[in-house]
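**Q** Here is how the chains run, residue by residue.
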Amino acid sequence: QKEVEQNSGPLSVPEGAIASLNCTYSDRVSQSFFWYRQYSGKSPELIMSIYSNGDKEDGRFTAQLNKASQYVSLLIRDSQPSDSATYLCAVNMIVETSGSRLTFGEGTQLTVNP
Amino acid sequence: KAGVTQTPRYLIKTRGQQVTLSCSPISGHRSVSWYQQTPGQGLQFLFEYFSETQRNKGNFPGRFSGRQFSNSRSEMNVSTLELGDSALYLCASSLRPQGSFIYGYTFGSGTRLTVV
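Which chain is which? The protein sequence lines are F and Y, in order.
Count the first sequence with my numbering and you get residues 1 to 114, in order.
Count the second sequence with my numbering and you get residues 1001 to 1116, in order.
Simulated from the structure, these hints should not be mistaken for lab results.
One thing to keep in mind: the hints can contain errors.
To be verified - Below, computed lysine-lysine pairings styled on DSS-like, alpha-carbon distance capped at 30 Å:
| # | chain 1 | residue 1 | chain 2 | residue 2 |
| --- | --- | --- | --- | --- |
| 1 | F | K67 | Y | K1057 |
| 2 | F | K2 | Y | K1057 |
| 3 | F | K56 | F | K2 |
| 4 | F | K42 | F | K2 |
| 5 | F | K56 | F | K67 |
| 6 | F | K42 | Y | K1057 |
| 7 | F | K67 | F | K2 |
| 8 | F | K42 | F | K56 |
| 9 | F | K42 | Y | K1013 |
| 10 | Y | K1013 | Y | K1057 |
It should be emphasised that the depicted structure is a prediction, and the values quoted were computed from it without experimental measurement.
Please build the complete structure, drawing on both the sequences and the hints.
**A** Quick look at the structure:
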């Protein structure tokens, strides 16, 4: 089982729709969760972070966390063509002997069609 | 405020050679992590440094090494390059190590390494 799994893509939505990106993780004691956006040929850019169960909203983005289900999601409302990118879920996982490290899923490629 | 700076942006090396990549973190950031990104494996954690000490290491062979200097700048070295080492190498900085859990990383633009 992969430590961080994202829903397989690619995902295609029409402009103005809601894009839903999902992520599950294996380490029950993980404490913090991040969503990164990566445009083709660019480096990842942090867009959302969430640490507590529930929803966190920032503009058109909403991150949702359910620690009991070990599930994190990202909703993008009113999707725009400029949102077309690969979205990476990252989980801060506990490392037994040396603290923690950030583990990434393989990413979901999102295309927003005009 | 300057971002994370990685040099060089592109490198072409021959199998068997070694390479050194450089990373300057955001001013005030003391934690530097390195990742390897390939189409098949995604983002794989290499190592994390804080205050010149390696705190975490990923599952990479000993050919991959790194260090951090007193000004928080970091270098990673790959010896005896193999074709499979061709990848985008990303450096990321944070105020503190990930053990403090609330800080995300800011990534540099990466170094694209091609081994021929």
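**Q** Now look at each hint and say whether the structure bears it out.
**A** Outcome of the hint check:
For the suggested pair F/K67 and Y/K1057, the alpha carbons sit about 26 Å apart, so the restraint of at most 30 Å is met. Proximity of F/K2 to Y/K1057 is assessed by CA-CA distance (about 18 Å); at most 30 Å being required, the pair is judged to hold. Of the pairs offered as hints, the one joining F/K56 and F/K2 holds, with about 26 Å between alpha carbons and a cut-off of 30 Å not exceeded. For the hint linking F/K42 to F/K2, the alpha-carbon distance of about 25 Å falls within 30 Å, and the restraint holds.
Taken as a hint, the F/K56 and F/K67 pair is honoured in the structure, with Cα atoms around 14 Å apart against an allowance of 30 Å. Among the hinted pairs, F/K42 with Y/K1057 is consistent with the structure: their alpha-carbon atoms are about 25 Å apart, no more than 30 Å. At roughly 17 Å between alpha-carbon atoms, F/K67 and F/K2 fall within 30 Å of each other, so this suggested pair holds. Distance hint between F/K42 and F/K56 is fulfilled; the C-alpha atoms sit about 26 Å from each other, no more than 30 Å.
Between the alpha carbons of F/K42 and Y/K1013 the distance comes to roughly 22 Å, so the proposed pair stays at or under 30 Å and holds. At most 30 Å may separate the alpha-carbon atoms for a hinted pair to count; Y/K1013 and Y/K1057 meet this at roughly 24 Å.
Checked against the numbered hints given earlier, the structure satisfies every one of them.
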